[in-house]
Amino acid sequence: MDRKLPRSEAIGLGVLGLAGFIGLWEALSFLGIVPSQFLPSPFAVVSRFLHLFTEPFAGFTLLQHLGSSLLRYLYGVLLAAILGIPLGLAMGWFRLLDDIVTPIFNGLRFIAPIAWVPFAALWFGTGIGGPIMIIFAGAFPPCLINAYRGARFVEPRLIEAARMLGTGDRRILTEILLPASVPSIVAGVRVAAGLGWQSLVGAELIVASAGVGFMMVQAQASVQTTTVMAGMVAIGLTGLLIDVALRHGEVWLHHRLGLD
Amino acid sequence: MAAIRFDKVQKYFGRGDKRTQALSDIDLEIRDREFLAIVGPSGCGKTTCLRLVAGFEATSEGVVSVAGRPVTEPGPDRAVVFQQFALFPWKTVRGNIDLGLRNKGMGAEERMKRIADVLKLMNLETHADAFPHQLSGGMQQRVAIARAYVLDPEVLLMDEPFGALDAQTRVVMQEELVRLARVRPRTVLFITHAVDEAVYLADRIAVMTRRPGRIKEIIDIKSMREAEKWDRFERIEDVMDLDSFVHLRTRIWKSLREEKDG
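Protein chains in written order, with our numbering: chain A, 1 to 260; chain B, 1 to 262.
Excised from the complex, chain A in its bound form:
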């Protein structure tokens, strides 16, 4: 990176970039260079997006679809955190567990969440279980990896201090490794939250009731490209909001723990 721009200039450039992007997009569809079926104009997308708040599509309004998506997403990410963090910490402490689990985990984590769709549907059904498993597949690796790294890179003196105080394995995990790894774990959960949200559309390809992904699949079936794109906008914006919220949460937590 070269020199850092002042904040006002950086914001100005960001707005300029966005305006250029939308202008180019609008020009492409307005001038008829690309047919609107292929690329709906930005204004059509925004107007459709706003309409979807009041006008149900595929049985629900956009907010209702978002609501079911978020619930599913929350379960998936929570499950990933509840299983991934303790397992990662334990792998960081018990060499044997590390040696057993790491090869399996390293093989599995390169399989994209969406590749699990057929088996997720087969094993956990298309109701609540299947989609949660796919979000889980996206969110689990960063939870585990960051807890593991956090535990492995704890200041060695602190572990020596704990051991000379006669601290057993269970307390080392909960009272030393866990609190020492909080910054790493929180960063991992943030990455997990992003990857989980990205896996959502894949997860909802197999859902037959509600959800933003489901809404998009329905729109695609009836070639309503504007609605598909409005769904994309909804996913992008929600993802952005989640990320901003978690960033603030992270800053707050660091401050709270006296880490900064």
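If you're looking for bench data, these hints aren't it; they were derived computationally from the structure.
All of these numbers come straight from a predicted model, not from anything done at the bench.
Heads up, a few of these hints could be off.
[As the list claims (entries may be wrong)] Label-pair ranges, simulated between beta-carbon atoms:
no.	chain 1	residue 1	chain 2	residue 2	range
1	B	LYS113	A	GLY129	30 to 36 angstroms
2	A	LEU74	B	ALA108	34 to 40 angstroms
3	A	ASP169	B	ASP27	33 to 39 angstroms
4	A	ARG247	B	ASP27	24 to 30 angstroms
5	B	GLY137	A	ARG256	21 to 27 angstroms
6	B	GLY163	A	ARG256	28 to 34 angstroms
7	A	ASP99	B	SER60	36 to 42 angstroms
8	A	GLY129	B	ARG102	48 to 54 angstroms
9	B	ALA130	A	ILE111	57 to 63 angstroms
10	A	VAL244	B	SER60	52 to 58 angstroms
[Stated by the list, open to error] Residues of chain A placed beyond 12 angstroms of chain B at every Cβ, according to the derived structure:
no.	residue
11	PHE21
12	ILE22
13	LEU28
14	PHE38
15	PHE43
16	PHE110
17	ILE145
18	ARG152
19	THR226
20	ARG247
21	GLY249
Note that beta-carbon positions come from the ideal geometry of N, C-alpha and C, so glycine has one too.
With the hints as your guide, set chain B onto chain A.
Okay, now just chain B, sitting in the frame of chain A:
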């Protein structure tokens, strides 16, 4: 019986071509309630000696034993005070001191009593609920000493405990340690590179050679301290002015100097 005993200890680090010898033929006995300081040029393996007693490292050959039992792993009978304090930043002063007692399975009432007692001993009463990062370096090291003392260990292992402190705080802590040694005598193994500090605090001083470290000589301080009644002075600078102190300090300096230059 010796509180700490090194019996023909050898220590190597690394393997094959990269194998280097850190300690060579260490034979040393530290008596019960004795304060023994090890001084030596940097990298001579003095900290390794302490880590062997703590159980953080294993000997390559020979045995280190404490109260007659060979050391196999770290434990609360051998409390360590580290140079960088090594307090748990997410625990309060009380929480840091409490952990070792909880690990012993002690009841809440007894623990509270002991913590109150050691807080008073170390003049930390008003800081019981502070977190380490809210305290000065000297205060943090008091907490680390309290955390070690509260366990009532067979031996206290201090690894350059005042090395990270500024000069004034250092002097205060040295005087404090002398006071502690009078009120609650313990067997102490003290590692330092500061000769003044060693002469002021120790009963005996072991001087180590350059790497691979051997014990070069052991100098008795206690008989001089008692003969010259160093204890009649409260302040370290008064003790350091005495001819007997200067004499011992110079002697040890010369011995170390030979190692550095030689």
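>> When the structure is checked against the list of hints, which entries are broken? Sort them ascending.
In response: 1, 4, 7, 8 and 9
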